[in-house]
Amino acid sequence: MLLSRMKNVIFYAAIALSCFAIGCSKVEYKKIDDPAYLRVFNNLNYKIGIDNKDEQLPFLTMLIDPEMDQNGMPVSAQIKGDFLDKRDPYAPPYPSHIGSGTSVNNPEYPGRENVLVGPVLNGFDLSSWAQIPSGKHRIVFMFRPKNTVPFFNLDPKLKKSFLIDTTMVLDSKEVYTLHVLQKDFLTKRNGIYLRKENFHKLPLSDSSIYVNFYNMSAKGYWQADNDAKGGNEYGKGAMGNGVKDQMNIFVTLYKNRTVSSPKISGYNGKYLGNLTRNADVLEVSPYYSFPLFADASAGGIFTDMWQRFDFLAPGMDIRNIPYGPTVNQTDGNWASINCLTPYPDYRQWNEIVMPNMIVNIHSGKYNPRSFATVNTIEIVNGNVYLSTIQRKYAPPVY
Amino acid sequence: MKYESLKKCLYFLSVLWLLGLNACKHDDLHIDKANDNFRPGFDFVKNNYDLSLFASAIEKTGIGPELNGAGQFTILAPSNAAFNIIGINRPSDFDKMNPDTLKFLVQRHILNERIMLKDIPFNGIDVRYRTLAGTELYASIVSRDNSNTLYFNGSLASRKDVTLANGTLHVLDRVMKSTANTTVQGWLSARPEYSILVSGLKKFGFWDELATEGPYTILAPKNKEFEANGMTAEVIAGLNVNSYIGDRLFGCYVMRKKHFFVSDFVVFSIINNDSFYYHPVANDTYIMTITAGRFNYDNIYDQSIGYNIEVRTNKNFPYDIVTNVKGHDQKAIDNLTDNGLVQDLQGILILPEQAIKSN
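Just so you know, the sequences run in chain order A and B. According to UniProt numbering, the first sequence is numbered sequentially starting from 1. According to UniProt numbering, the second sequence is numbered sequentially starting from 1.
A hint or two may mislead.
What the hints assert, rightly or not - On the chain B side, residues computed to face chain A include the following (Cβ under 7 Å): (1) F122; (2) G124; (3) N272.
Unchecked claim - According to the in silico footprint, chain A covers these stretches of chain B (three or more CB under 8 Å from chain A): (4) 6-14; (5) 263-269.
To be verified - Derived PhoX-like pairs (lysine-lysine); straight-line CA-CA distance at most 25 Å: (6) A/K183 <-> B/K258; (7) A/K188 <-> B/K257; (8) A/K159 <-> A/K146; (9) A/K159 <-> A/K188.
None of these hints come from the bench; they were simulated from the model. A virtual CB, placed ideally from N, CA and C, is assigned to each residue, including glycine.
This is chain A alone, in the form it adopts within the complex:
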């Protein structure tokens, strides 16, 4: 009796001891006072080929508040966004990069980086934005070779190619997107573009889908020779050769994902607004909206609707487009983006296909249920990027 009690005591003592041994580490929580929220994209999407083999590979390292040695070479930085690769065409409404895949290449910042991210601000999930101390920062983008060696461990001679070295001021609790862009297609001048977003301050309804557009293409891109800019590549659509500096935007909504899908009345080539090429001014484009349930027959819970945007040069009529649907060489007069398509072999058409702007997901007792989003479509040198920002929604009930 006594023995078994002693045994018990010893057993528990051993457990308690090991608990003590493990329990010594102290968790340090990181905290940034007065943060600004920053998301960074590398929009340099050119290809290195025979003709431009002396150009730098568009693979970057971002250094915020770097420390330089006497030769002007960065040796450390407060914040480092390494392996910044060409951005993905679609930036989904949730942080989709961290923890997925073994590659170090990061299609955006923070992306794969394990840093403090933004909260839910006015109902918008900012978990794809990194927290950065607000205030004035020196920001440097460096070209780096494409390998898996962290930037500061690279050979010194590979740490010398500056893309830009500048300063930026970030205000507290503001949301920013920072773009590395080519500003001039002929001189190949690169630069950055910092946009102070305002979607979280606008009175946006959650029964409407919002979208705004930017044409951040380099000056002279659409005028350049189609072969020189590699715009005629299969799958890049008419957009590959660029669109003119002034375009009108039209939206068409389709009821469902069948090839003969009916267009929703009232949204068949509806004029939305004007798009001006602009890679310099830091203004937010106006948000255009259309109802989530434009299709009244959908029932108010789930809709199969998808969207198409046509960009037409001023003076052109959407009812009378003088190019066929597979023609890529439209002289910058017409290009289109489909957010979803019924065609499995869509690359033969001249439109660019993106994911649907509507988020359909299990929420509450409905599976799926449709939610409206806030979107940004950016056109950069023949490529199209869609970023979707999502609101909170109720968790699923099983």
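Assemble the complex: chain A is given as a structure, and chain B must be docked to it using the hints.
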């Protein structure tokens, strides 16, 4: 009895606890010991039958002891077959060379840093290093199916990352051809076998720019190629500049703002699937389509690469193919100078009658 086993238990527990404490300590028992089995640079080259010509070249220049010394080296050792390509078949052939030229040749195959395959950025094009001779070395690397193809100045590294006690060694299957302190202009004018090309370039006003910064890639047919097509020196001298499209007739041999090793076309065909390179003839509709790759498929060990140029009247259909010319001469391609490269061409691109002005 009871207490005995309890005591035992306590005793073991304390021993266990001590063991547990000890387990946290990680003595580094691994001791790095210098490996005596690796040879230093020059000894390795000397002891390798396939590198015997390079060894005797090093011996003649007297930098052997330096290569055996401390410090890190990268030796880009051309194999004996590589020396055979440029006409060196036995050690005594080096005696015919100017000793300074020979020293320069050896020194530009050696770097005083260790460059292994993993140090060169993945799919890097023209990653630049500095050789002992002070010249720039261009390394290009491309990976496909887990195998890396590495070129130094257009020469394939057929063996990579050979360990030396004081660095690393790569075996090249071609001697890197480079000339110090010269331009493409100087290179061409020093070689009488290209005199007809030179006279044509002079006559049509492309010559003077070849001494400027560039970079230029010159496609250079030898005199015998011109003569075979009836374009002798006298014929060139008698051409009326105003009745020919100069940009086409001789401008096609001058590629401005380009410096191509033949291997670049191979590298980009793997990285980008760009198997064809279209080079427009300046101020003309004519276009040159350049492709490159292996050409000797009879011998699987022959990894030599060469290039082909097809001249077309227009890029897009309808067009006529004007000529199709190859540049496969391993001893005459990839001649590196300070402002570009000269690539030997085994044929001529445009005949005078194909460049007559129509009005």
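Results of checking the hints against the structure:
no.	hint	verdict
1	F122	holds (5 Å)
2	G124	holds (6 Å)
3	N272	holds (6 Å)
4	6-14	holds (count 4)
5	263-269	holds (count 3)
6	A/K183 <-> B/K258	holds (24 Å)
7	A/K188 <-> B/K257	holds (15 Å)
8	A/K159 <-> A/K146	holds (12 Å)
9	A/K159 <-> A/K188	holds (20 Å)
The structure agrees with every numbered hint stated previously.
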